[in-house]
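**Q** Read off the chains here:
Number of protein chains: 2
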Amino acid sequence: MEVKARAPGKIILAGEHAVVHGSTAVASSIDLYTYVSLRFSTPSSDNVESLRLQLNDAALEFSWPISRIRDAFPESVAPLFSKPTSCSVECARSIAALVEDLNIPEAKIGLASGVSAFLWLYSSIQGFKPATVVISSELPLGSGLGSSAAFCVALAAALLAVTDSVSLDVNHQGWVSFGEKELDLVNKWAFEGEKIIHGKPSGIDNSVSAYGNIISFKSGNLTRMKANTSLKMLITNTKVGRNTKALVAGVSERMMRHQDAMAFVFSAVDSISKELTTTLQSPTPDELSVTEMEEKVGELMEMNQGLLQSMGVSHATIETVLRTTLKYKLASKLTGAGGGGCVLTLLPTLLSGTVVDKVIAELESSGFQCFIAGVGGNGVEISFEHSS
Amino acid sequence: MEVKARAPGKIILAGEHAVVHGSTAVASSIDLYTYVSLRFSTPSSDNVESLRLQLNDAALEFSWPISRIRDAFPESVAPLFSKPTSCSVECARSIAALVEDLNIPEAKIGLASGVSAFLWLYSSIQGFKPATVVISSELPLGSGLGSSAAFCVALAAALLAVTDSVSLDVNHQGWVSFGEKELDLVNKWAFEGEKIIHGKPSGIDNSVSAYGNIISFKSGNLTRMKANTSLKMLITNTKVGRNTKALVAGVSERMMRHQDAMAFVFSAVDSISKELTTTLQSPTPDELSVTEMEEKVGELMEMNQGLLQSMGVSHATIETVLRTTLKYKLASKLTGAGGGGCVLTLLPTLLSGTVVDKVIAELESSGFQCFIAGVGGNGVEISFEHSS
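Sequence order for the protein chains is D and F.
Here numbering that gives the first Met the number 0 is used: the first residue of the first sequence is 0, the next is one more, and so on.
Here numbering that gives the first Met the number 0 is used: the first residue of the second sequence is 0, the next is one more, and so on.
The reader is advised that the hints may include incorrect statements.
One copy or two, it doesn't matter: identical chains are merged, so the pair holds either way.
[As the list claims (entries may be wrong)] Each computed EDC-like pair below joins lysine to aspartate or glutamate, with the alpha-carbon atoms no more than 16 Å apart: (1) 273 <-> 298; (2) 273 <-> 259; (3) 295 <-> 252; (4) 295 <-> 259.
Because the hints were derived from the structure by calculation, they are not lab data.
All figures in this text were calculated on a predicted structure; none of them were measured in a lab.
Next up, chain D with everything else stripped away, as it sits in the complex (with noise of 0.2 Å):
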């Protein structure tokens, strides 16, 4: 039996920055997923018993016998899948020499941490069992659509799936949904992956990930909520790589400069996220109104967009996104950290697809990558697999 699991990226509909000083910022799950496959190795299928991790976009295979993994986690006797526990100094140290023994390419070295984090859900999780997991995804890679997150949240919920921590039907045919409390399980499995590549996440790229839908946080409180719409995005990856704790660095230093008038953006972001998650949340029975809810939604994304560029996170080519689609009519908005990174522009239910096609072709030919996403769906999911 094969157990796949995907789980799906994230966007920030609005609030950025403005989190980091007390704003409301609100998150959503978007239908570009990361996929994992698990598979246990019968004792027949390998000479020596290994563990294989397949990234396919990557084009990366790395394979370790059990024994060397069992060394590496000498204390542990039982695995305790339902008890998440952040990885040891030690066992940390341990991991690191696996990794570092794998001579990862320099221009893919990026993905030591996402091994890193694969070998401690594994082995917590799975204890050391022989088995080939398989990765693949949707998402680009350090773009701020949640990637790392993602993978983090479809691993542990295939590693979960198989435990008796969580009791699906395996006969189920197609995905399925996990109940809350696995879900939490799942989730602050994730958030232990998340750790371990990120350092110190916010908790919020697993969350969405994992339950999916909307997001809405503010100091620190997450509070989860369902859309009554949906809403297409167009996702504009600028490729131009960012430095997050710089850019927030950044906004902080203006707001010391400006006391005043910062505090008065950062006000009035937090307004525009509360306006919209009660845009998102109110009923749209006729397609009138789904049109005006586009409307006020496409308004609250150019106006977080402003703010924004007043906290100065903007980039060159985030304005040439921004000016193409302007042509069009379309509203969009940096989503996640600015300064490169991706673009959201609304696509209007109403819009033609010859439009699209148009805008896609512009953005494409400066170079950028398009993708077009639904906001707001169902968090991961699992599938079984049986073969004939």
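With chain D held as given, fit chain F onto it using these hints.
**A** Same frame as chain D, but now just chain F:
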């Protein structure tokens, strides 16, 4: 003897649109001028006594027999140049008839109201003396740089300079300024001219053009101040015509739809305008602090631009200018109504001429028109030229 007057254009440094909703705005003069030359005809120089108006930039020339003008203003016996008065409805009708007879070509019909203002100011201040008035300007028309106000101010100044209400040394070489009381009189007459051109002008443009320097305004109250620094701006005319009324209405509508967020946006602009006036008035003893001051001004401009975008008054051409100047790390903001019009880019003192040339070349290759202007110089000035 020829009397020459020159009156500066203006830019809005901060607060446009937000000022309509109670925020502070800051305007300043620029060293781009409209010139008016006035020469009374000597009795022998014309067969028929006439008033001639020459608009150099439009390549138009008009002439009226003095008798026709006298007929249009039947109630005027003696000119009351010391008492600025509004053009009455009947008088406006007579003037309109005079202007209609000129058969101004369709493409230049926008100048008609300026000709009307000319006829009113000339007759009210100088009565019915035959003369030749020549107008030329460094300011693009209808681009938000206060070209009509500069025209009215320069015209009123030239006309008043040769009345008893003004005492100037006619033998002074070069440009000379008016006294305070005389400036007040020039400014009031210019405002009457602006009313003929614009219907309901705010009075900011003519005040900046008359008094020069920097003027902050809030809720209809003007505060004149002197900058302690000399800033240089690159002014880019996008050549896209705007509908100021529609733009102002658009912001008000957005305010009604998103009252909380927009109130914070306007408050942020108010803080920016106040900080800007404080910064511009503070003494800058050395080059280091000039650079610091320029960085502060640039940052405030960038913040203001973001807030203007959140009000929805940007335009694709403005975005193009922003994107171009951002590449060179130069701060820009739209000035005036937005939706096209002009964009300001701060040129720091230490910026190399090569970079300036590059930026200008790139902007002009996009079809824009560039000017370099000093900020906050003198207001209207007079020069007497004696033919040798």
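**Q** If any of the earlier hints don't hold here, list their numbers in rising order.
**A** none
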